[in-house]
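2 protein chains.
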Amino acid sequence: MSGVELEKSTTIDLRKKHIGPSCKIFFSHEPIKIVQAKGQYMYDENRQRYLDCINNVAHVGHCHPEVVNAGASQMALLNTNSRFLHDNIVLFAQKLQSTLPEKLSVCYFVNSGSEANDLALRMAWQYTGHKDVITLQNAYHGHVSSLIDISPYKFHQMSSYEMNPRVHVAPSPDVYRGKYRRDHPDPATAYADEVKDIIHKAEEKGGKIAAFIAESLQSCGGQVIPPWATSKKWHVRKAGGIFIADEVQVGFGRVGTHFWAFQLQGEDFVPDIVTMGKPIGNGHPLSCVVTTREVAEAFMSSGMEYFNTFGGNPVSCAIGLAVLEVIEKEDLQGNALRVGGYLCSLLEKHKEKHPLIGDIRGRGLFVGLELVRDKHKLTPATAEAQEVIYRLKEQHILLSADGPHRNVLKFKPPMCFTKEDVDLVVEKIDNILTEIEHTLGMTNKQNVDNEGGKRKASET
Amino acid sequence: MSGVELEKSTTIDLRKKHIGPSCKIFFSHEPIKIVQAKGQYMYDENRQRYLDCINNVAHVGHCHPEVVNAGASQMALLNTNSRFLHDNIVLFAQKLQSTLPEKLSVCYFVNSGSEANDLALRMAWQYTGHKDVITLQNAYHGHVSSLIDISPYKFHQMSSYEMNPRVHVAPSPDVYRGKYRRDHPDPATAYADEVKDIIHKAEEKGGKIAAFIAESLQSCGGQVIPPWATSKKWHVRKAGGIFIADEVQVGFGRVGTHFWAFQLQGEDFVPDIVTMGKPIGNGHPLSCVVTTREVAEAFMSSGMEYFNTFGGNPVSCAIGLAVLEVIEKEDLQGNALRVGGYLCSLLEKHKEKHPLIGDIRGRGLFVGLELVRDKHKLTPATAEAQEVIYRLKEQHILLSADGPHRNVLKFKPPMCFTKEDVDLVVEKIDNILTEIEHTLGMTNKQNVDNEGGKRKASET
Ligand SMILES: Cc1ncc(COP(=O)(O)O)c(C=O)c1O
Ligand SMILES: Cc1ncc(COP(=O)(O)O)c(C=O)c1O
Numbered sequence: 001m002s003g004v005e006l007e008k009s010t011t012i013d014l015r016k017k018h019i020g021p022s023c024k025i026f027f028s029h030e031p032i033k034i035v036q037a038k039g040q041y042m043y044d045e046n047r048q049r050y051l052d053c054i055n056n057v058a059h060v061g062h063c064h065p066e067v068v069n070a071g072a073s074q075m076a077l078l079n080t081n082s083r084f085l086h087d088n089i090v091l092f093a094q095k096l097q098s099t100l101p102e103k104l105s106v107c108y109f110v111n112s113g114s115e116a117n118d119l120a121l122r123m124a125w126q127y128t129g130h131k132d133v134i135t136l137q138n139a140y141h142g143h144v145s146s147l148i149d150i151s152p153y154k155f156h157q158m159s160s161y162e163m164n165p166r167v168h169v170a171p172s173p174d175v176y177r178g179k180y181r182r183d184h185p186d187p188a189t190a191y192a193d194e195v196k197d198i199i200h201k202a203e204e205k206g207g208k209i210a211a212f213i214a215e216s217l218q219s220c221g222g223q224v225i226p227p228w229a230t231s232k233k234w235h236v237r238k239a240g241g242i243f244i245a246d247e248v249q250v251g252f253g254r255v256g257t258h259f260w261a262f263q264l265q266g267e268d269f270v271p272d273i274v275t276m277g278k279p280i281g282n283g284h285p286l287s288c289v290v291t292t293r294e295v296a297e298a299f300m301s302s303g304m305e306y307f308n309t310f311g312g313n314p315v316s317c318a319i320g321l322a323v324l325e326v327i328e329k330e331d332l333q334g335n336a337l338r339v340g341g342y343l344c345s346l347l348e349k350h351k352e353k354h355p356l357i358g359d360i361r362g363r364g365l366f367v368g369l370e371l372v373r374d375k376h377k378l379t380p381a382t383a384e385a386q387e388v389i390y391r392l393k394e395q396h397i398l399l400s401a402d403g404p405h406r407n408v409l410k411f412k413p414p415m416c417f418t419k420e421d422v423d424l425v426v427e428k429i430d431n432i433l434t435e436i437e438h439t440l441g442m443t444n445k446q447n448v449d450n451e452g453g454k455r456k457a458s459e460t
Numbered sequence: 001m002s003g004v005e006l007e008k009s010t011t012i013d014l015r016k017k018h019i020g021p022s023c024k025i026f027f028s029h030e031p032i033k034i035v036q037a038k039g040q041y042m043y044d045e046n047r048q049r050y051l052d053c054i055n056n057v058a059h060v061g062h063c064h065p066e067v068v069n070a071g072a073s074q075m076a077l078l079n080t081n082s083r084f085l086h087d088n089i090v091l092f093a094q095k096l097q098s099t100l101p102e103k104l105s106v107c108y109f110v111n112s113g114s115e116a117n118d119l120a121l122r123m124a125w126q127y128t129g130h131k132d133v134i135t136l137q138n139a140y141h142g143h144v145s146s147l148i149d150i151s152p153y154k155f156h157q158m159s160s161y162e163m164n165p166r167v168h169v170a171p172s173p174d175v176y177r178g179k180y181r182r183d184h185p186d187p188a189t190a191y192a193d194e195v196k197d198i199i200h201k202a203e204e205k206g207g208k209i210a211a212f213i214a215e216s217l218q219s220c221g222g223q224v225i226p227p228w229a230t231s232k233k234w235h236v237r238k239a240g241g242i243f244i245a246d247e248v249q250v251g252f253g254r255v256g257t258h259f260w261a262f263q264l265q266g267e268d269f270v271p272d273i274v275t276m277g278k279p280i281g282n283g284h285p286l287s288c289v290v291t292t293r294e295v296a297e298a299f300m301s302s303g304m305e306y307f308n309t310f311g312g313n314p315v316s317c318a319i320g321l322a323v324l325e326v327i328e329k330e331d332l333q334g335n336a337l338r339v340g341g342y343l344c345s346l347l348e349k350h351k352e353k354h355p356l357i358g359d360i361r362g363r364g365l366f367v368g369l370e371l372v373r374d375k376h377k378l379t380p381a382t383a384e385a386q387e388v389i390y391r392l393k394e395q396h397i398l399l400s401a402d403g404p405h406r407n408v409l410k411f412k413p414p415m416c417f418t419k420e421d422v423d424l425v426v427e428k429i430d431n432i433l434t435e436i437e438h439t440l441g442m443t444n445k446q447n448v449d450n451e452g453g454k455r456k457a458s459e460t
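Here the protein sequences come in this chain order: A and B. For the first sequence, UniProt numbering gives the first residue as 1, with consecutive numbering after it. For the second sequence, UniProt numbering gives the first residue as 1, with consecutive numbering after it.
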């Protein structure tokens with residue numbers, strides 16, 4: 001505060017001393033110290049500008065003045081818990097509801113995606129009276145203990161982890177690298193049948209399905225876009241369970257064509273619970289669970305009050321409302337569609353010439369570029385992906401890699417990202433890939449079949 | 001926003017429609033709509049002023065200008081995740097550490113008391129390799145599923161609840177109404193021996209203790225002040241477990257003599273983990289887990305990153321730092337000692353004449369006034385406590401009742417509370433109690449022995 005800036009080395013030393021070593025830092029060898037941000041740009045302590053392609057939390061642009069003003073003026077007026085009546089909470093709930101199918105009408109405001117997903121699980125358990133949960137391979141749903149249990153992305157990191165017997169992991173509906181691929185006649189049904197199997201097996205052991213939880217598009221799992229109408233086929237409702245759509249990363253217009261990613265599954269597909277987070281407050285700790293009246297009443301019938309100290313306070317709600325207003329006013333959903341579409345098409349143009357580019361997939365400003373060493377074997381190009389993001393960083397572009405093999409470059413920039421930004425980042429990636437391929441002696445002769453997924457004998 | 005205020009009835013209607021029915025409201029028959037607050041005062045939609053005796057979250061006073069400015073200016077500059085280096089997080093951690101015993105040096109910033117306690121449990125499980133947790137009767141530690149399991153205050157509200165077999169409930173060290181009372185020669189040891197028993201029984205069944213979690217003074221449990229040195233005697237470390245001090249309600253100078261309530265147990269008593277929340281950000285969603293290097297390293301050794309999207313962002317940390325600075329600058333801890341002491345002494349003066357006053361207990365600005373129908377049988381005066389808070393509300397004073405019988409009036413006001421505020425609220429309570437006692441035909445003849453706890457034949 002008070003204007004004094006620490007030397008970067010002092011910041012690093014203090015961080016080592018006082019911040020939990022499990023809290024990782026970007027580019028750990030040479031971390032960046034960011035002191036300011038605006039729109040799609042971040043600035044380091046030397047006022048060097050970075051183009052931000054990764055911070056989906058700063059959804060309407062870093063430090064958007066309307067959001068900042070809404071927060072600042074409400075902070076000066078009143079910030080208290082939701083046991084008092086206040087207009088902000090009801091106006092925010094009402095506006096949020098207007099973006100959703102009518103049935104999804106009851107909101108619970110919380111402070112993080114993790115709080116939202118944990119509450120969704122509690123509701124599912126209470127509503128169904130069942131205990132078992134189905135989750136997807138490589139899924140991440142949050143950091144509290146109940147969610148580590150349903151997050152293979154996390155528990156696979158642990159040296160010793162006992163899987164919760166009430167949790168069942170279904171294959172990720174990844175048509176590039178998953179069990180059923182683009183060459184399968186009906187991957188949606190094939191993935192859904194896997195779930196049917198899981199349900200049968202669980203029931204044979206006396207389990208009963210409370211919920212199926214899934215992101216509408218898998219983020220940490222590798223920017224996975226499921227085949228159309230998969231969600232509708234999950235069989236979970238037939239088993240007495242409910243469907244929880246985790247929109248923490250992919251909601252709020254990011255997919256371009258729709259406000260919510262679950263709507264990509266068809267307008268008639270309505271989850272029982274939707275959880276929201278990250279972009280909802282443009283960085284402010286705010287999240288939400290929205291459900292049906294039916295589920296909400298069942299949850300209440302347990303007799304237990306739900307009280308969350310900070311959840312739904314007037315400041316958080318003022319900020320959430322401002323974010324919704326800015327998305328609308330600046331047509332950021334439309335921008336995501338246009339700019340995201342442009343990004344994918346530009347990447348596609350470069351695909352042919354780069355043996356490292358395995359797959360390009362995206363919806364709006366949610367785009368994955370999967371790098372492989374071999375387009376037939378799909379050998380993950382993990383080190384190469386790291387190399388790309390480190391070199392981009394040197395050129396002041398922030399991108400990251402994710403997925404089970406950390407070989408998927410993921411684009412999820414602030415939604416004010418422009419076509420010029422796309423031109424810049426694609427040009428740099430093109431150059432870096434060319435250099436890496438050159439160093440590795442990779443040629444596009446290898447590129448005989450770029451329809452990833454068809455397993456053919458490889459030339460390498 | 002935008003200055004338009006809804007009619008109160010519209011706010012109520014929208015709340016019914018769009019906010020989860022499990023989210024309760026104060027004074028549900030005639031809820032208050034609060035639109036503004038300053039210091040220890042809140043204002044309703046008609047600009048009527050209420051004296052706030054309950055909002056311990058607004059620790060340094062509602063909308064403290066220095067806290068608001070710190071938050072607002074940081075919001076305009078940068079708000080992003082803690083994977084980038086930033087001064088605010090390390091400066092805040094350093095300042096927080098300076099209030100704690102040296103061993104407690106590693107911080108994890110999160111967004112709520114619940115996130116903090118869940119993380120503390122995860123650390124305890126990982127560090128000890130054990131699974132069992134001991135908690136206190138009537139304890140409340142948060143709303144996520146892992147914490148409902150260790151919160152008898154919550155799970156007792158449920159019509160059907162299966163207790164987690166890894167959780168063990170020890171008697172609350174309440175020397176007024178608990179198992180061992182003021183007339184016991186050594187209640188601290190007696191309560192500790194109960195824990196020893198629990199540990200034995202758990203171990204006999206093959207359990208192993210990971211942690212004992214307790215508030216240093218029980219809040220929701222009824223403003224309970226344990227006998228001196230109880231915590232030191234809990235036997236938990238001998239069983240291989242660790243001690244988690246939940247300071248979510250009682251930390252940050254509220255107890256007056258010390259900055260942390262666990263320090264009331266003796267300067268040499270150091271918990272393994274301290275969790276903080278509520279007052280830490282004066283209403284901003286912010287919380288923290290502080291632990292030793294040893295526990296932090298063990299937690300890291302699981303191989304799992306800890307990532308919390310909003311935790312430790314520059315805005316939250318700017319606010320946390322400002323709160324610490326204001327506590328210091330305005331000597332709010334000293335104020336809590338002086339004003340809290342004055343409150344207790346003034347209440348004591350009225351004790352004799354009120355048959356309804358069973359017990360007065362407090363440390364600093366954490367004070368409980370337990371109402372009973374019978375000073376010998378200790379029959380909880382639940383309805384009378386409700387009556388008191390409703391009548392106070394009519395006179396524009398906000399107080400609430402808690403504890404397992406909802407008969408403990410609890411004072412936990414913003415720390416800028418003054419002696420004049422005390423005079424006002426005690427006068428009103430004195431009058432209301434007199435009226436209620438008159439209506440009920442209670443006389444102070446019943447008041448033959450006001451040393452609560454000694455069970456004698458009652459006259460009523
Ligand atoms: C899909 C998804 N769900 C939930 C979460 C948890 O959100 P938070 O970190 O706010 O608890 C995340 C965070 O990365 C996420 O990606
Ligand atoms: C002692 C204690 N611990 C933890 C919590 C949970 O805090 P939060 O509501 O911020 O999750 C509370 C909340 O009332 C509390 O009183």
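Just so you know, the hints here were simulated from the structure itself, not pulled from any lab data. Certain hints may be false.
[Said to hold, decoys possible] Derived pair list, reagent style DSSO-like, types lysine-lysine, alpha-carbon separation capped at 30 Å: (1) A/Lys377 x A/Lys419; (2) B/Lys377 x B/Lys419; (3) A/Lys95 x B/Lys232; (4) B/Lys131 x A/Lys208; (5) A/Lys38 x B/Lys428; (6) A/Lys393 x A/Lys349.
Status of the hints after comparison with the structure:
1. For the proposed pair A/Lys377 and A/Lys419, the alpha carbon gap of about 33 Å is over 30 Å, so the pair is violated.
2. At roughly 33 Å between alpha-carbon atoms, B/Lys377 and B/Lys419 are farther apart than 30 Å, so this suggested pair is violated.
3. About 52 Å separates the Cα atoms of A/Lys95 and B/Lys232, which puts this hinted pair outside 30 Å; it is violated.
4. For the hint pairing B/Lys131 with A/Lys208, the CA-to-CA distance comes to about 25 Å; that is within 30 Å, so the pair holds.
5. A C-alpha spacing of about 52 Å is found between A/Lys38 and B/Lys428, which places the hinted pair above 30 Å, so the restraint is violated.
6. For the suggested pair A/Lys393 and A/Lys349, the alpha carbons sit about 23 Å apart, so the restraint of at most 30 Å is met.
Checked against the numbered hints given earlier, the structure breaks hints 1, 2, 3, 5 and satisfies all the rest.
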